[in-house]
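Asks: Chain residues, written in single-letter form:
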Amino acid sequence: MTPLFGLLGFIIAASAVAAVALRNLVHCALALSVSFAGLAAIYLFLNAQFVGFAQILVYIGAVAILIVFAILLTGRGELERGAGFSAGWMIGLGVALAVFGTLAGLLLSSHLLVREMPPPAPTSVRDLGDQLMTHWVLPLEVLGLLLTAALIGSVVIVMKERGPR
Amino acid sequence: MHAESLVTPLQACLLLSALLFSIGLAGALMRRNAIVILIGVELMLNAANLNLIAFWRYGPDPQALTGVIFVLFSIGVAAAEAAVGLALIIAVYRHRRTVNVDHLNSMKG
Chain A
1 MTPLFGLLGF IIAASAVAAV ALRNLVHCAL ALSVSFAGLA AIYLFLNAQF
51 VGFAQILVYI GAVAILIVFA ILLTGRGELE RGAGFSAGWM IGLGVALAVF
101 GTLAGLLLSS HLLVREMPPP APTSVRDLGD QLMTHWVLPL EVLGLLLTAA
151 LIGSVVIVMK ERGPR
Chain B
1 MHAESLVTPL QACLLLSALL FSIGLAGALM RRNAIVILIG VELMLNAANL
51 NLIAFWRYGP DPQALTGVIF VLFSIGVAAA EAAVGLALII AVYRHRRTVN
101 VDHLNSMKG
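Line by line, the protein sequences give chains A and B. Its first residue numbered 1, the first sequence is counted upward by one per residue in the working numbering. Its first residue numbered 1, the second sequence is counted upward by one per residue in the working numbering.
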């Protein structure tokens, strides 16, 4: 398990760094899709097949495409003029490094996480659907309502304004 | 000394998740372009999802499916967030002709 996991982790981390550090925004979006695909592979690896495929469908199929459309609609000459990094970028880097250092130190020193893993638990999509439609049906409906509201809201936000202004 | 005795699989997943979160945080704090800031936020959300899946898989009760269903809801909410966020960025671009967050300071006190 370890070499494959290490390779996937390296791909995910490298493409995530590329997604936030590259100058060209289109390259950022492409690197982001690679990172999402690596995460989907990790989910398949961890026996969460449905989540892996949902990750591919939602993140690579929808969110990455949305970001590409946003780049298209906001023009691309933006980054070539400025440096691309904000004035206080060193503070930001320091905060991020401090967060990672704290989290990694805590994880490596924790005694609760060293217990051996149980055998793999195969879960079928049927079980998942059963649970979703019985025990979790109210959150599911609320999520549907939220998605509808978000859809209508985003269309309203970007709609051309008419009338006197 | 065996390689796997250094970190357990759960620790490896959580370390990867912490790394991904930190990269997303660095991107959100360091860049000027609002779209890249949103990319950083997406990376952080994915790191949280990886945490949930890892704890479900290596937790005491993997048959409960709670972690998987939590992640499915999280993906749905993140999709709504991305749609509204990008719509806001496009609306801001229409009004101000820029997505550079350093220039969006009209509410600065």
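One or more hints might be untrue.
[Said to hold, decoys possible] A few chain B residues facing chain A, derived, Cβ under 7 Å: (1) Leu16; (2) Leu19; (3) Leu25; (4) Ile35; (5) Asn51; (6) Leu52; (7) Val84; (8) Leu104.
[Said to hold, decoys possible] Pairwise CB distance ranges, derived in the manner of DEER restraints: (9) A:His111 to B:Lys108: 41 to 51 Å; (10) A:Met133 to B:Val101: 36 to 46 Å; (11) A:Gly94 to B:Arg97: 28 to 38 Å; (12) A:Lys160 to B:Asn105: 35 to 45 Å; (13) A:Gly94 to B:Asn105: 15 to 25 Å; (14) A:Val95 to B:Arg97: 29 to 39 Å; (15) B:Arg97 to A:Leu138: 37 to 47 Å; (16) B:Val101 to A:Gly61: 19 to 29 Å; (17) B:Lys108 to A:Pro3: 29 to 39 Å; (18) B:Ala64 to A:Gly105: 43 to 53 Å; (19) A:Gly129 to B:Lys108: 26 to 36 Å.
[As the list claims (entries may be wrong)] To be clear about the criterion: a stretch of chain B counts as covered by chain A if any three or more of its residues have a C-beta under 8 Å from a C-beta of chain A, and this derived list gives those stretches: (20) 36 to 50; (21) 68 to 81; (22) 87 to 96.
It is worth saying that the hints were derived from the structure and are not from the lab. Model, not experiment: these values are computed from the prediction. By construction, the Cβ of each residue, glycine as well, lies at the ideal position given by its N, Cα and C atoms.
Asks: Would you say the C-beta atoms of Val101 (chain B) and Gly61 (chain A) sit inside 19 to 29 Å of each other?
Replies: holds (28 Å)
Asks: So, as I understand it, the hint says Leu16 (chain B) touches chain A; can you test that by seeing if any CB pair is closer than 7 Å?
Replies: Holds - the Cβ of Leu16 (chain B) comes within 7 Å of chain A, reaching about 5 Å at its closest.
Asks: Measuring from beta carbon to beta carbon, are His111 (chain A) and Lys108 (chain B) in 41 to 51 Å?
Replies: With Cβ atoms ~47 Å apart, the hint holds.
Asks: Is the distance from the Cβ of Ala64 (chain B) to the Cβ of Gly105 (chain A) consistent with 43 to 53 Å?
Replies: violated (30 Å)
Asks: Go check the region 87 to 96 of chain B versus chain A for me, would you? Three or more residues, Cβ under 8 Å, otherwise it fails.
Replies: Contact hint for the region 87 to 96 of chain B vs chain A: holds, 7 residues under 8 Å.
Asks: Taking 8 Å as the Cβ threshold, is the statement that the region 68 to 81 of chain B is covered by chain A upheld or broken by the three-residue rule?
Replies: It holds: at least three residues are needed, and the region 68 to 81 of chain B offers 12 whose Cβ sits within less than 8 Å of chain A.
Asks: Do the beta carbons of Gly94 (chain A) and Asn105 (chain B) sit within 15 to 25 Å of each other?
Replies: holds (23 Å)
Asks: Note whether the CB distance of Lys160 (chain A) and Asn105 (chain B) lies within 35 to 45 Å or breaks it.
Replies: Roughly 26 Å apart at Cβ, these two residues miss the hinted range, so it is violated.
Asks: Regarding Val95 (chain A) and Arg97 (chain B), is the given constraint of 29 to 39 Å on their beta-carbon distance met?
Replies: holds (30 Å)
Asks: Hint Asn51 (chain B) vs chain A: min CB-CB distance below 7 Å?
Replies: violated (10 Å)
Asks: Hint validation: Val84 (chain B) versus chain A, beta carbon distance must be below 7 Å. Holds or violated?
Replies: holds (5 Å)
Asks: Interface hint check: Leu104 (chain B), Cβ to nearest Cβ on chain A, cutoff 7 Å. Holds or violated?
Replies: Violated. Min distance 12 Å.
Hints 5, 6, 8, 12, 17, 18, 19, counting from the list given before, are not met by this structure.
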